[in-house]
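The residues making up each chain are set out below.
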Amino acid sequence: MNMNRPLSKVTLEGLLQMPQYSLDDTEKNEVLLKLIKEQLPKTMANPHVKNLFEKQGIDIEMIQNVEDVPFIPVQMFKYFDLSTNPDAKIARVIKSSGTTSGSQSIIPISKETSANQMKGLKSILESYLGQKRRVMIAIDHMGINDPKMEITARGAGVRGFSIFAKEILYVLKEYSNGELVLDMPVIEKLQKEYAGKDVYAFGFTYIIWKTFCKQMKERGLKLKFNDAIVFHGGGWKKLTAERVSKDEFSRTVADLIGTKPERVHDFYGMAEQTGIIFIDCEHGNKHVPNFSQVIIRDMRTLKPCKVSEKGLIEVMGVLSNSYYSCAVLTEDIGHLEGMDGCPCGRKGRYFRFDSRVERAELRGCGDTFRE
Amino acid sequence: MIGCHLLDGEFKDIELEDFDKVVLSVSKNRAALTNMPLKAITELLNQLGKSIIRDKKFAMLDGASFISMWLRRDNLERICKLNFVNSSFLDHFADSGAGFEMIAQPRGIVCHWVASNVPTLSFFSLVMGILTKNGNILKVSEENKDILIALVRGLSDLKIEVGGKEFFGKDIVKAISIVSFDSKEATHGEAFSMAADCKVIWGGADSVRAITALPQKETCEIIPFGPKYSFGVFDRGAVESADFRSDLKKVLRDILLFNQMACSSPQVLFFEKSAKPLSDIVQTMKEELAGLPERLLSRPIPQHIASKIINARSMYLLSDDKEVIQSEGLDWTILVNRDPGFEEPIHGGCIFVKEVNNIMDVVPFVTRKIQAIVLCTADNQRREVFAKAATEKGADRIVLPGAAHDFTLPWDGIMALNRLVRWTILYSKKADGGSNAAG
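Heads up: the protein sequence lines correspond to chains A and B, in order.
The first sequence maps to residues 1 to 371 in our numbering.
The second sequence maps to residues 1001 to 1439 in our numbering.
Hints in this document: simulated from the structure, not taken from any laboratory.
Treat the hints with care, as some may be off.
Said to hold, decoys possible - Cut-off 25 Å, straight-line C-alpha distance, at most; resulting in silico cross-link-like pairs (DSS-like, lysine-lysine):
hint, chain 1, residue 1, chain 2, residue 2
1, A, K217, A, K173
2, A, K50, B, K1249
3, B, K1249, B, K1217
4, A, K224, A, K173
5, B, K1250, A, K42
6, A, K78, A, K122
7, B, K1184, A, K55
8, B, K1170, B, K1184
9, B, K1286, A, K50
10, A, K78, B, K1286
11, B, K1273, A, K55
12, B, K1159, A, K55
13, A, K238, B, K1184
14, B, K1170, A, K55
15, B, K1286, A, K303
16, A, K122, A, K50
17, A, K238, A, K224
Unchecked claim - Under 10 Å between C-beta atoms, here's a sample of chain A residues computed to sit facing chain B:
hint, residue
18, D59
19, E126
20, E309
By construction, the Cβ of each residue, glycine as well, lies at the ideal position given by its N, Cα and C atoms.
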């Protein structure tokens, strides 16, 4: 580690400022454990979080490993107010998509949390985009980022990724019935005025595939930039029926945007850990930034899995001072590919997403008591 | 395609486009079973039961020892007597006592749709069909077919002698076919239904509704063993008695067996207020659960159930007025709350625990979906009062701890063997020239 001060002195600010993926797994665990143990007493302001610790008899001082920090399943954000800072002014509330259950997660974001999240995202993106500002193509409609509207995960995504944008162009428009279509004047403008320029694009995976790619192909349209970089994430579960693979997705998008498939980066993230995203490197591995940790938990024992063993993905984070984000257990299954050894040179853990937890409820004769 | 795993006595996997061969084979071969005396059938099954308990490959099968005991000749005879009063009706015309003779004829071909949650369910369903001398075609899930095949294969090699005549298990096996096909294949489902003279359906609400609605012969009988829910009740005397710990242990076994996914798996335990605080009871539960055999504790849990357990645990941990006591992994979970009534099942060893002022407070919640109530009370008068009220509301079985899953007939309120036969009557002229007709 190339740092001027010992690990025990590293602050969250310092963690956000240093180049991402620079800490190896052991170093990161040491830094994160210290920061999380500083944050945990403050989370006790939330009575539910307090219950969680008290009922399990957890003494924060006695926590020795990041794996021992109690997790909260992502579904709990749908049932409980997990605000941890009654004094913090809540700047905005993020609502998740609620695809699986129909109900939405509600995540209160304070100014400080929001600032940390932006800094976090910026430092992650820097590792892929460098510091240069570029034209950003938002593969969505302009209304998704309307400050007057309630913030959704989609809107937060566009807003977050726009951090390196010197200009944002929205390539879709929304009809009053909610239908998304290509915004042809914008597409034509991109073809005429932006060909050969440095751009990056961002969109939700299912919107890119179901709307952008479909309509571009139907109209025989293509764009051409100078080595564009595409980031996409969220919504693979909405593409289950299409059975599209990540490779096919990358090839198609690269062809339509005029870049190489390896410049199309899938990322994994969630509204409950905004600011932390895990972007695929050129080797297809999702990397964990310095200010986060990923634990893969065995679905039967809940113990951390070894490399290559599949389990539930737990995402740890230190960006929030307004809700419990120290350890969030997802309903996604993944596996660690390794630690500190990815050929791309990024340090820390790297993993892959495998699937959503199976939802099929094959009920037998044991069933509800309701008539 | 239809996967066929047993046809004409041959255990081999073949693919079929329709059920023609299966129906033809079972129809032709069931004559030998129909003509076999009940005594020979029960003896062959008795021998099968003995071989199961000796066979190492069944050592890890949940309920193997129960199957073995259940197949004992005296038990099978008891079941037949309960269903037919006079088991002779299954072999020949016998006096009905109403001025005519009766014989219980097999319905013909019984098609069994068997849910996959209890691996041995298909075998119990099959034996009911065998005892009533029907031909049997069983649709089983991919994960459970090997267990059924292994059990039936054991019958294939048996030979016994009754009344100086030899009888062969092979003759019973030849009247059985085991098939599997995708339930979404409407054509196969309809053809399977049309082949049935009787449909035996084990499954959830959707399955029962869908299979019942399939086209069928006008004469087809339907025996639905539909979705059900079970629970346990301890009265004050039982909680305070010296037997409490051993009764509790038996109920906990009932809960964990079959991953708590059977209709007879208790989901909630109600404890009547007593001198023992609920916290002590839960502590005893914890100790007894920890001491259960590894085989019961470390069973695989499907992903969606594991996810439900994790979420339920967290709901209880985060809530103000709920308690959770849990194993380190997902072996077992005790969820304590004060809400009246039942809880939607989570399965996978998740036990809801509630305290009630009086065990009779539970009765108003009983519906026709209640299968087994494990009732722990030493007071027989109280037992009867509770049982009368609960069964009137809809419960099917009031059982002792450790016996929740014991497959006894009636099951789900149905005397199934009785419905697997056609009751036919014979009037004859008496030797003195009169008729035996009533009046």
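Evaluation of the provided hints:
no.	hint	in the structure
1	K217(A) x K173(A)	holds (17 Å)
2	K50(A) x K1249(B)	violated (33 Å)
3	K1249(B) x K1217(B)	violated (47 Å)
4	K224(A) x K173(A)	holds (21 Å)
5	K1250(B) x K42(A)	violated (45 Å)
6	K78(A) x K122(A)	violated (28 Å)
7	K1184(B) x K55(A)	violated (46 Å)
8	K1170(B) x K1184(B)	violated (33 Å)
9	K1286(B) x K50(A)	holds (24 Å)
10	K78(A) x K1286(B)	violated (30 Å)
11	K1273(B) x K55(A)	holds (24 Å)
12	K1159(B) x K55(A)	violated (61 Å)
13	K238(A) x K1184(B)	holds (22 Å)
14	K1170(B) x K55(A)	violated (60 Å)
15	K1286(B) x K303(A)	holds (21 Å)
16	K122(A) x K50(A)	violated (32 Å)
17	K238(A) x K224(A)	violated (28 Å)
18	D59	violated (16 Å)
19	E126	violated (35 Å)
20	E309	violated (15 Å)
In this structure, the earlier hints numbered 2, 3, 5, 6, 7, 8, 10, 12, 14, 16, 17, 18, 19, 20 are contradicted, and the remaining ones agree with it.
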